[in-house]
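Q: This is what each chain is made of:
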Amino acid sequence: MQDIIKRLVETSSPSGREENIQKIILEYIKPYVDDYHIDSLGNLIAHKKGNGKKLLFDAHADEIGFVATYIDDNGFIHIEPLGGHLPVNLPHQRIRFEYGTKGTIGYESEILMKQASDRKEVSFDTLFVDIGARTRNEALSKIRIGETATYDSSFVDMGNRYMSKAMDDRIACAILINVIQTLKSNHHDLYFVFATQEEVGLVGSKAAAYGIEPDYGIALDVTATGFRDTPKGAKRIPMKLGSGPAIKIQDRSMIADHRLNQWIQNIAEESHIPYQFEVLAFGGTNAGVIQTTKSGVITTCISIPTRYLHSASEVVDVFDVRHTAQLMKTIAEKEISI
Amino acid sequence: MVLKELCNLYGVSGNEGEVRNFIRNEIKDYVDEIKVDCLGNLMVKKRGRNCSKQIMFLAHMDEVGLMVEKIEKNGTIKFQSVGGILPSIFPATNVKILGKETLSGVIGIQPIHLQKSVLSPIKMDSLYIDCGANSDTELNGKIEIGDYITFITKFSQLGDLWEGKAFDDRVGCSIMIDILKENITPEFDTWFVFATQEEVGLRGSITASYHIKPDFALVLEGTTACDIPLVERNRYTTQLGKGPAISIAHNGLVFGKKVFTFLKNIAEQKQIPFQVKEKISGGNDATRIAKAEKGTFVGSVSVPVRYIHSPTSVMHPEDYINTQKLAMGIFNNSQNFFNQ
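For the protein sequence lines, the chains are A and B, in the order given. Just so we're aligned: 225 in this note's numbering is position 225 of the first sequence, and the numbers increase by one with no gaps anywhere. Each number in this note's numbering comes from the position in the second sequence (counting from 1) with 1000 added on.
Please note that the accuracy of each hint is not assured.
Derived DEER-like restraints, expressed as beta-carbon distance ranges [stated by the list, open to error]: (1) A:Y32 / B:S1281: 25 to 31 Å; (2) A:I267 / B:R1235: 50 to 56 Å; (3) A:G84 / B:V1036: 50 to 56 Å; (4) B:K1070 / A:G84: 35 to 41 Å; (5) A:R252 / B:E1138: 46 to 52 Å.
No lab work stands behind these hints, which were simulated from the structure alone. Idealized CB from N, CA, C, for every residue including glycine.
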């Protein structure tokens, strides 16, 4: 599984440009599914037939990124965000453009000084990318307007933990691939959605769920950790690395179905899978749009606790990854009764 | 071209009737089907040689404006914005209140010597409309709470440019009317949606897309141009006179590579100058259309407009012509999108 995780997180595929990652995911799952298709929004939808009700598993294939919008006379590339970036985290990060050009995000000393009194001084208006070009023409020979980019960061095996860009949400994609590859039998009619454009507004998932019309929906995503995980962590966030998958109670996009949560909790206990609960005061996941599809879907979300979300170095715990995969597989094998 | 007439009409979000009637009258002889849904969207169909795909062009009819919130005892009127408008641009603006009677008014503000600081931002609380009345009783039976209030700037020439209100998005409506009047039979069934309530939350386009279920959609818009003094080049977003702006991404949506490339290719093949929108802030109906039903291929092409969402905006006639050419190119070649 580690090889798959490494390959997925090192693939560059930001929101709206998921073609690369979908190709790789498809390679892994094709022999194990009954049918699949890629829809007009780029969602990869795979089907494993079963006799029971329709159960949808969703993980988003996109990652946060950037897009080149303007190249100035000095050959600097001006970028705009794809997904939620905190500009103060960006200076001096290395990024890699779609066709391989690498650069570092720069800003000028004047902004650095102003930043001390106002963090807003560091914004996409004052940041730029230095790709080593000396002139606009040289830059134009390397980058096209509209070309996207992601962090240039590689997978690190830290022993019990993994570090990379794009753990959000490739770690969930890897887990779903693992479920598809190892599942021996399933009661439910299973749909696996590798959704697009989650980071810019839960775009792909909404259309995919509309087409599938599932009876149950479970999104698999990452979540933040708080004070139990790091000494000065957020006081209102109880999630922690190494305590198992988090069953979502609520976030800003959804209050999860408590009957489905209770059932998941029961099977986790029967199967001796550790779990924790998640209540998040901010953010949302695809579960939020799946729940309100058509006349409504019984929905929840399972989260993998992750440190330093939306950075080039997101950290997950191998224990959590393993147990999340085990929990998802157990869910996929059984019949949901609520 | 009916841009001038369209911009002089009043159609604040939710009150698009006047604009809808005008458009309906202009295009009724050139279309095969006309529908108005419960949100007020005007949806007209141009039957194609082939009905296996549905193409949708969409522009919104509504414009930003105001609404009567409260009539004070002293005869002044408190108001709310309909759509996103900066309070700082309100003072001393002429408006019309569209009640049982239409009243002229001017937005008042405390005189400069009574202001705590001329630099402090203007808040809605300090603003009111003066329509010449001395008490609320004078206004009885003329206007009431909930009446729409509109900017009244008339379309006119500004040097080589055009000025007027509501270029966002009557410019899109006007270009769609131009295409319809050419009376060309397209390859695929093509719908033209004149949508409502874009400015208050992209609303009309939701029901229109679920109704039409397009296979490919194009949004024609007016978008921000910031090519003005004191703004650095990298913050322009778009520039006047550089042609239609094709969007890569905006709030809530990244445009697919297939769509972006298709739009760019048509512009390049037909040698139409174009620009790429350089900022992703703001959004339009494309976000709604993309997510409707099982998902839709959608693109967005915009005419650059300075001082957007204000009583007076400014645009370039050449941008109108080139956006019209590009839209026409897309209308005539939509079948190529599916053969890429």
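Q: Each hint: holds or not?
A: Now the hints, each set against the structure:
1. A:Y32 / B:S1281: 25 to 31 Å: 42 Å Cβ-Cβ, so the 25 to 31 Å window is violated.
2. A:I267 / B:R1235: 50 to 56 Å: Holds, since I267 of chain A and R1235 of chain B (Cβ atoms, about 54 Å apart) stay within the stated range.
3. A:G84 / B:V1036: 50 to 56 Å: violated (39 Å)
4. B:K1070 / A:G84: 35 to 41 Å: holds (39 Å)
5. A:R252 / B:E1138: 46 to 52 Å: holds (48 Å)
Checked against the numbered hints above, the structure violates hints 1, 3; every other hint is satisfied.
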